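Build out the structure end to end from the sequences listed, making use of the hints.
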Amino acid sequence: MPTTATAASTITVDGRTVPIGQARNLLEVVRASGVDLPTFCYHSELSVHGACRLCVVDVKGRGVMASCSTPPEAGMEVVTRTEPLRRMRRTSVELLLAAHNPEGPSCDRAAACELQDVARKVGVERVRFKPMGRDLPLDRTSAAVHRDPSKCILCGDCVRMCAEVQGVSALDFAHRGAATTVQPAFGRGLGEVDCVGCGQCARVCPTAALIPAPEIEPAWKLLTAPSTTAVAQIAPAVRVAIGERFGLPAGAETTGRMVAALRRLGFAKVYDTTFTADLTVWEEGAEFVRRLRSSDEGPLPLMTSCCPAWVKWVEQFRPDALPNLSSCRSPQGMFGGLARRLLPKALGIEAKDLAVVSIMPCTAKKAEAAREELRSEGRREIDHVLTTEELARMIDGAGIRLGDLEPEPFDQPFGMKTGAGLLFGASGGVAEAVLRYADAVLGDGSRRDAVWEEVRGPGALRVATATIGGRTIRVGVVSGLRNAGQVLDDVKAGRLALDIIEVMACPGGCVNGAGQPRPARGAVDSRTAAIHRADRCEHRQNSADNEEVGKLYKNTLGEPGSHTSHELLHTTYRPRRRIDDLDLLLTAGEPGGKLLTTVCLGTSCHLRGSQGVLRGLLDAVDAKGWGAQVDVRATFCLEQCASGPNCKIGKEVLTATTVDKAVAEIGAQLAARPQG
Amino acid sequence: MSTCACPTQPATAAHRFQRVGAIIERHQRKPERLIPILQEVQEEYRYLPREVLSFVATALDLSPAKVFGVATFYAHFALEPKGRTVVRVCDGTACHVKDSMPIFDAIRGHLKLAAGQHTSADMEWTLEKVSCLGACGLAPVVVIGEQVHGQLAPGMVPALLDAVARPATGSAA
Ligand code: SF4
Ligand code: FES
Numbered sequence: 001m002p003t004t005a006t007a008a009s010t011i012t013v014d015g016r017t018v019p020i021g022q023a024r025n026l027l028e029v030v031r032a033s034g035v036d037l038p039t040f041c042y043h044s045e046l047s048v049h050g051a052c053r054l055c056v057v058d059v060k061g062r063g064v065m066a067s068c069s070t071p072p073e074a075g076m077e078v079v080t081r082t083e084p085l086r087r088m089r090r091t092s093v094e095l096l097l098a099a100h101n102p103e104g105p106s107c108d109r110a111a112a113c114e115l116q117d118v119a120r121k122v123g124v125e126r127v128r129f130k131p132m133g134r135d136l137p138l139d140r141t142s143a144a145v146h147r148d149p150s151k152c153i154l155c156g157d158c159v160r161m162c163a164e165v166q167g168v169s170a171l172d173f174a175h176r177g178a179a180t181t182v183q184p185a186f187g188r189g190l191g192e193v194d195c196v197g198c199g200q201c202a203r204v205c206p207t208a209a210l211i212p213a214p215e216i217e218p219a220w221k222l223l224t225a226p227s228t229t230a231v232a233q234i235a236p237a238v239r240v241a242i243g244e245r246f247g248l249p250a251g252a253e254t255t256g257r258m259v260a261a262l263r264r265l266g267f268a269k270v271y272d273t274t275f276t277a278d279l280t281v282w283e284e285g286a287e288f289v290r291r292l293r294s295s296d297e298g299p300l301p302l303m304t305s306c307c308p309a310w311v312k313w314v315e316q317f318r319p320d321a322l323p324n325l326s327s328c329r330s331p332q333g334m335f336g337g338l339a340r341r342l343l344p345k346a347l348g349i350e351a352k353d354l355a356v357v358s359i360m361p362c363t364a365k366k367a368e369a370a371r372e373e374l375r376s377e378g379r380r381e382i383d384h385v386l387t388t389e390e391l392a393r394m395i396d397g398a399g400i401r402l403g404d405l406e407p408e409p410f411d412q413p414f415g416m417k418t419g420a421g422l423l424f425g426a427s428g429g430v431a432e433a434v435l436r437y438a439d440a441v442l443g444d445g446s447r448r449d450a451v452w453e454e455v456r457g458p459g460a461l462r463v464a465t466a467t468i469g470g471r472t473i474r475v476g477v478v479s480g481l482r483n484a485g486q487v488l489d490d491v492k493a494g495r496l497a498l499d500i501i502e503v504m505a506c507p508g509g510c511v512n513g514a515g516q517p518r519p520a521r522g523a524v525d526s527r528t529a530a531i532h533r534a535d536r537c538e539h540r541q542n543s544a545d546n547e548e549v550g551k552l553y554k555n556t557l558g559e560p561g562s563h564t565s566h567e568l569l570h571t572t573y574r575p576r577r578r579i580d581d582l583d584l585l586l587t588a589g590e591p592g593g594k595l596l597t598t599v600c601l602g603t604s605c606h607l608r609g610s611q612g613v614l615r616g617l618l619d620a621v622d623a624k625g626w627g628a629q630v631d632v633r634a635t636f637c638l639e640q641c642a643s644g645p646n647c648k649i650g651k652e653v654l655t656a657t658t659v660d661k662a663v664a665e666i667g668a669q670l671a672a673r674p675q676g
Numbered sequence: 001m002s003t004c005a006c007p008t009q010p011a012t013a014a015h016r017f018q019r020v021g022a023i024i025e026r027h028q029r030k031p032e033r034l035i036p037i038l039q040e041v042q043e044e045y046r047y048l049p050r051e052v053l054s055f056v057a058t059a060l061d062l063s064p065a066k067v068f069g070v071a072t073f074y075a076h077f078a079l080e081p082k083g084r085t086v087v088r089v090c091d092g093t094a095c096h097v098k099d100s101m102p103i104f105d106a107i108r109g110h111l112k113l114a115a116g117q118h119t120s121a122d123m124e125w126t127l128e129k130v131s132c133l134g135a136c137g138l139a140p141v142v143v144i145g146e147q148v149h150g151q152l153a154p155g156m157v158p159a160l161l162d163a164v165a166r167p168a169t170g171s172a173a
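Chains A and B, in that order, are what the protein sequence lines are.
Position one of the first sequence corresponds to residue 1 (the working numbering), numbered consecutively onward.
Position one of the second sequence corresponds to residue 1 (the working numbering), numbered consecutively onward.
Worth double-checking, as some hints may not be accurate.
So, partial list: chain B residues that the calculated Cβ filter (under 7 Å) puts toward chain A [to be verified]:
hint, residue
1, A14
2, G21
3, R50
4, S54
5, T58
6, K66
7, T72
8, F73
These are computed hints drawn from the structure, not numbers from a lab.
Bear in mind that the values here come from a model prediction, so they are computed numbers and not experimental data.
Cβ atoms here follow ideal geometry from the backbone N, Cα and C, with glycine treated the same way.
Encoded structure:
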C-alpha cells in the first residue's frame with residue numbers, strides 16, 4: 001500500500017535525502033545518489049553474493065552492513081564515509097591483493113585491472129599481509145578463454161554468470177578453506193568440459209583469472225612475415241566500442257579511423273564483416289522460405305546460427321534441436337570461405353600467402369575459427385581472431401593515436417554494407433534484418449526500410465510478427481543462453497509458437513561481447529544506440545539492396561542455397577559430448593577377444609531410458625553366462641544423440657536400442673566368432 | 001574354459017553400478033538429495049570415482065562442476081580410491097604441539113609416499129591428516145585402521161605399521 005510519499009520512500013545517504021525508487025538493495029540507492037561505492041562481487045544482472053565486503057556502509061541504529069545485500073527501508077540514515085569504514089575497505093582489498101598472484105605490468109588486465117583500480121581508490125599503499133603465493137597451473141585448453149587460477153580472488157562472479165545468465169555452470173567453487181578454487185569439473189580444462197566459450201565469465205572477472213585467449217603475438221607475426229598478405233574483417237559491434245579505449249565516449253563513431261589504423265598496422269586490405277552479414281540475410285532468408293514451403297527442407301522454427309557460443313550450446317545441451325539451426329555459417333565464417341576462394345586471384349597472390357584475421361567483439365568467435373568445419377585445404381580459413389580489446393592494444397602498442405587519424409573507407413567489394421547488416425551487432429538485429437528483407441522480397445514492402453521496434457529493447461523475449469505471402473510469421477528474439485533454453489522449452493511444450501528464433505549468447509548481443517573493452521556503467525546501452533544510429537546513417541537499410549552481394553551471386557554463387565553457396569557459406573553441426581571423460585567399465589570379460597558393448601548414459605540417451613537398457617543388458621549377460629566373453633561399459637555420449645538410446649556393440653552402433661535388440665546383436669556377433 | 005555365471009557373484013563393477021542407479025532412484029532423482037546420494041555411493045565404492053560423479057550429475061540434471069564442487073567441499077568425501085588400511089594422523093592443536101607432524105613424516109617415509117601422495121601404489125595404505133580425533137589426552141594420536149594409538153614418537157612408527165601389514169599380506173615391500 002503506497003502511503004503518503006516523500007518520507008515513506010526516501011532514505012538519507014551522507015546526509016542527503018535520496019528516493020528509494022525501484023532499487024532492490026541499498027547499494028543501488030547509494031549509487032543512484034552519486035556515491036560510486038566500489039565492489040567486486042556485485043553485478044546488477046546477477047544474484048547477490050555479499051562476499052567482497054567493499055560495499056559496507058554504516059546504517060544508523062544498526063551498524064555496519066554490506067549494502068548490496070541490505071534491502072532499503074524508508075527512513076534509513078546511511079553513512080558511506082567514516083574512518084572505520086575506510087579502514088575496513090582498505091583491509092578487504094589488502095587481503096584480496098595478498099590472495100592474488102600479482103604480475104604487474106605483464107598482466108593481461110594491467111590496464112583495466114579492477115583490483116588495482118579499487119586498491120588505488122580505497123587508498124591501499126602497501127599490502128601488510130603475507131602473499132599466499134598460490135602457484136596453480138594455467139589452463140589454456142580452450143580456444144576462447146584462458147584461466148589463471150592463481151589470480152582468482154574467489155569473488156564468484158564467473159560462477160554466477162555462467163549459471164544464472166548462461167545456464168551452463170561450467171565453473172564452480174571446489175575444495176574449501178585455503179584450498180578453495182573456482183574451476184571446471186574434476187580439475188579439467190575449460191576446453192575439455194561443457195563451456196561454450198561465450199567469455200561472459202571473463203567479462204565480469206575483476207582480475208585476469210579469466211581472460212579471452214590471447215592472439216596478439218601470432219597476429220603480429222603474420223603482419224610482419226615478408227611473403228604474407230594479411231587481410232582483416234571487422235564485425236559490426238567493434239566500431240561502436242573501440243573508441244572507449246582511446247578516450248572517446250561510448251558509442252562514438254570510429255569506423256573510418258579504425259580502418260585507417262588497421263592499414264597502418266600492416267593489413268593489405270580491410271573488409272567489413274557487415275558485408276557477409278548482409279549475405280547471411282540472403283542465405284538464411286532463402287533457407288527460411290524453403291523450410292516454410294516444405295518440411296523436407298528442415299523443421300521450423302528456424303534458429304539463427306550467427307553466434308558460435310549458442311551453436312555449441314545446442315550441440316551439447318539440445319542436440320535434438322540441431323536440425324532447427326540454420327546451416328548458415330556465422331558472418332565471420334562466411335567471410336573465411338569467400339576470402340579463401342576469391343581473394344588470392346583478386347589480389348594476385350598465391351593462396352598460401354593469404355592470411356585472414358578477424359576483429360571480433362567476441363571470444364566464442366576465436367573457438368569458432370578453430371573448428372574442424374571451418375578448415376579447408378588442410379588449413380584454417382581464418383588464421384586468427386582478435387578481440388576489440390586486443391586490436392586496441394595493438395594500435396596502442398604501435399603508437400598510433402586513433403583519435404588523430406583521418407577516416408578511410410573499407411576495401412571493396414567486401415566493404416559494401418547496409419544498415420541491416422550493421423544491426424547484427426546488437427540483440428534483435430538479425431531478426432530485424434531478416435524481417436526487412438522478407439518484407440522487401442516477399443511482403444508488400446511497406447516496412448522494408450523501417451525500424452522494427454518490437455524486436456529492440458531489453459525484454460528477455462521479444463516477438464514480432466510479419467505477414468509474408470499471406471502467412472503470419474512470428475519472430476522471437478532472445479539473448480542469454482539460459483533465456484534461450486527457456487524459450488526452446490516453451491516452444492517444445494507448445495506454450496509458444498515461433499517461426500524464427502534469433503539467439504545471441506551475450507546479454508544484449510555482440511555489443512556486450514566478452515572481447516569488448518571493459519564497459520563503464522551504461523556504455524553497453526550507448527553502444528546499442530550507436531548501432532541503431534549507424535543503421536539510419538547508411539544509404540540503404542535493406543540487405544536486399546546490397547549491390548555487391550547481388551554481384552557476388554551473379555558472378556560466383558549463382559543463387560542463395562546453390563551448391564557453391566553451400567560449399568562456401570554453410571556448415572554442419574553434430575552433437576558434442578559435454579565432458580571428455582573416461583568410460584565406466586562395468587563387467588570385464590577375459591582379456592583379449594572380449595566383445596565390447598558400450599551403452600550411452602549421456603543426457604539425451606538417459607532421458608530416452610538408456611539406464612533400463614543397461615540394466616537389462618547386464619542381467620542378460622549374467623543369465624546367459626556371457627560374463628567371460630562380453631565387456632559391458634557405460635559412456636557419456638556417443639555423439640549421436642538424436643536417435644538414442646544408443647549402444648555400441650563391437651563395431652556396430654545400435655540406435656533406438658532396446659534390451660532385446662542389443663541381446664540379439666550380442667548373440668549374433670558371438671555366434672559369428674570363430675569358436676575357440 | 002568358461003566358468004559358469006555363479007548366482008552368488010561377488011560385487012562386480014556392474015552390480016555396483018546397478019546399485020548406484022538404485023540409490024538415485026530411491027532418492028527420486030532429486031537434485032537436493034545430492035549429499036545423501038553421494039554418501040551412499042561412497043559406501044559402495046569407498047570413494048567417489050569421477051565417472052560415477054559424471055553419471056550422478058547427468059541423472060540429477062546438475063552440472064558436473066557443481067557435483068564436483070560438493071564432492072570436494074566435504075572432507076568426508078574422497079575422490080581418490082583409498083588403500084586397504086587408512087592411517088589418520090591427528091593434527092589438532094593438542095597433537096600438533098606434541099609434534100604430530102614429525103610422526104606424519106615418519107609414516108610417509110616408511111610407506112614411501114611422495115609429497116602430496118596419499119595412497120600407496122599397491123593400494124594397501126592411505127595416509128591422512130585429520131583435525132582432532134577427540135583423544136587429546138593421548139596426544140599425539142594416530143589411528144591405524146580402527147585401532148587408536150596414543151603418545152607416539154616417530155621411532156615407534158615402523159613397528160606399528162609392520163604389525164598391521166604382516167598378517168594381511170605375505171609379500172611386504
Ligand atoms: S566462457 Fe561462458 S560458458 Fe564458458 S565458463 Fe565462461 S561463462 Fe561459462
Ligand atoms: S547422449 Fe549423446 S549419443 Fe547418447
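Practice item. Under 7 Å, Cβ to Cβ, is where G21/B needs to be relative to chain A, so tell me if that hint holds or is violated. Key: 6 Å, holds
Check your understanding: Minimum Cβ distance from R50/B to chain A below 7 Å?
Key -> Result: holds, 5 Å to nearest chain A Cβ.
Review point. Does S54/B pass the interface check with chain A, least Cβ-Cβ distance below 7 Å?
Key: 5 Å, holds
Review point. Is the interface hint for A14/B satisfied, with its Cβ closer than 7 Å to some Cβ of chain A?
Key: 4 Å, holds
Exercise for review: Could you check if K66/B really has its C-beta closer than 7 Å to a C-beta on chain A?
Suggested key: 5 Å, holds
**Study point:** Restraint satisfaction for F73/B [CB to CB of chain A, less than 7 Å]
**Key:** Interface hint status for F73/B: holds (5 Å vs cutoff 7 Å).
Point to revise | Restraint satisfaction for T58/B [CB to CB of chain A, less than 7 Å] | key: 6 Å, holds
Exercise for review: With chain A as the partner, please determine if T72/B meets the hint condition of a C-beta pair closer than 7 Å.
Suggested key: 5 Å, holds
Against the hints set out earlier in the document, no violation occurs for any number.
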